[in-house]
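2 protein chains.
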Amino acid sequence: MPHALKLTPLDRVRISIDCMGGDHGPSVILPACKDFLDAHPDVDMLLVGTTEALAPAARWPRCTLVTATEIVAMDDPVEVALRRKKDSSMRVAVSQLKADLEGRTRADVCVSAGNTGALMAISRYVLKTLEGIDRPAIASVIPNEQPGFTTMLDLGANVDCSAEHLLQFAVMGSALVAAVEGKPEPTVGLLNIGSEVIKGSEVIKQAGELLRAAGAAGVLNYHGNVEGNDIFKGTVDIVVCDGFVGNVALKTSEGLASMLSHFMREEFKRHWWAKIAAVVALPVLKHFRARFDPRGYNGAALLGLQGLVFKSHGSADAFAFGRALSRAYDAARNRLLEQVHERIVETLQAAPAQPGDEPVRPAA
Amino acid sequence: MPHALKLTPLDRVRISIDCMGGDHGPSVILPACKDFLDAHPDVDMLLVGTTEALAPAARWPRCTLVTATEIVAMDDPVEVALRRKKDSSMRVAVSQLKADLEGRTRADVCVSAGNTGALMAISRYVLKTLEGIDRPAIASVIPNEQPGFTTMLDLGANVDCSAEHLLQFAVMGSALVAAVEGKPEPTVGLLNIGSEVIKGSEVIKQAGELLRAAGAAGVLNYHGNVEGNDIFKGTVDIVVCDGFVGNVALKTSEGLASMLSHFMREEFKRHWWAKIAAVVALPVLKHFRARFDPRGYNGAALLGLQGLVFKSHGSADAFAFGRALSRAYDAARNRLLEQVHERIVETLQAAPAQPGDEPVRPAA
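Chains as they are written, first to last, in my numbering: chain A, 15 to 378; chain B, 15 to 378.
This is chain A alone, in the form it adopts within the complex (with noise of 0.2 Å):
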């Protein structure tokens, strides 16, 4: 495999954070950032909301605030959002990211809990995709039973995708596993029905080749097809699928692990001896817990734009949004743009040659 990470890390990390997303806003986002900027004396921030939300952080060491008078709702539609919300703070905030003439921005990467379809629309208008990416794509890590992180993408940007776009996702979701997790190869399954390469839609069926190409160019570590149980044994670093079934992957699982935990709740009430065994169990029974918070691992980022930008989980509280915070950090830290960058370069020069390419000959 070619691929070496070239880039040296940047020496201060300045993220841009729309302090008026989620369902919480500032009074759970504005503690997040403070204990942030406390751990990691090489961040600046640019905390975006309204002069009246930003009050508490006008004193605060290597903040700066930036107004913004508008807030995207979390049921605001789409076209609301971009269209009559043009100073909202989560445009702002992603605004910052926006290079000048000179080229220089004003943060690294931005962070938001706001709206996800108003926050994909609005960084896509204001960012634009990055040369060789037609669809940004969502990417999120879920544990696995390794222990360790599977990344999954796309999460539910792209409902209707093509061999190309999914071909894109494995890439992009190869830097970001490379430049997150330290993995310079990080292995890539493509989520089908069957482990056969005869199986499949005929848009996996060609992503499936598209992919083998890629792998045996040596832009790609790919592993082959894998299915949904895959996820969570771990079985690849990365598992791409288009937005629909990626959706579908990870709401199904939410479902089920609520029920599953409703279950044991009721099972444990059942009986007085139950009870008793609820409270010799609960220290197991917490620790278990812990092991799949989903708080720990918030913080889903949107690959493809000419800036890094990362979603919070709407509901998240402080320590969640901190999570989505250090992801961000260690994005931009160990230049994430630049490695997805040239990775599409490297694919787009390693592609082999299309039908479409070959000059066109009348038949003999």
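Honestly, the hints are just simulated from the structure, not real lab data. Remember, predicted model here, so these are calculated numbers, not experimental data.
Identical copies carry no separate label here, and so any pair may be met within one copy or between two of them.
In silico lysine-lysine, BS3-like type, Cα no more than 25 Å apart, as pairs:
(1) K247 - K300
(2) K100 - K142
(3) K283 - K300
(4) K99 - K142
With chain A's structure known, arrange chain B on it following the hints.
What follows is chain B alone, placed relative to chain A:
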């Protein structure tokens, strides 16, 4: 809703069984059949297998032994099962559902634990699809929080589906739940990535329109879009999706359940006090496990064929295979085949005129 159950249950139920299928074959299937026969005096069985394998059942009451010389292996490609093994136990068992010249069949329902792809291909080839059905689908039940069961289809038979296919799945699923669970007007949800009608791919949006129209016409009890977590919440009785998404959702859930069970065992072994807690909590944990023991809801229906075929999990033990027999028996006893047929006819009659159905007129 105009639909009414007009059918009277069968007096006797004739089940044909592929005794050679699954990971364990006759060693598990024959004992399960014997127990089922003993518990159901209204059942006659056609046991299909090699002469040698069927020897133990030679003197069982209400049993006819049917010899087959070949066996479809769990890893046989569909082509091999269909074209090269014409005297397989699977094919002979399915053929018992085929009507003779006078419209009589030798069995009312068939059960196999063999390879799913082969069973679907053979069933489709031997039995053909019902009029009004383009593609058969695989339906199974999944436990939910209500507590109860969610019926989900398709689970892997069709990787690419049109909106019309999804409508047909909804109609067949409704007939299944009405027949087997005794709910005459089960609710139907369309699996999507959001509850709003504007969500999803083009196919899903079109399917939503067809389902709403069928709901308005009274042939379906359509709830609207549901998301992955609704499968386990039990928001609706029936979740409709294409076979790719259904298969991924099911296998992802299996993977998560397996990971959680693995983590739980690890936690209860971590310290000496955790081991004591495990002993105290064991009866509670056992009851918890039993509540969603997948063996308890074994038996998927292959719907849309001119015959009732049920698929047991390949790894089923005698208890699990008995559950599949039980689901097959309920379906036959309540005349599922006629109910599917009746509902399809109703749907075709109620279907709004399609653009293509209008007489072509020259533009004014």
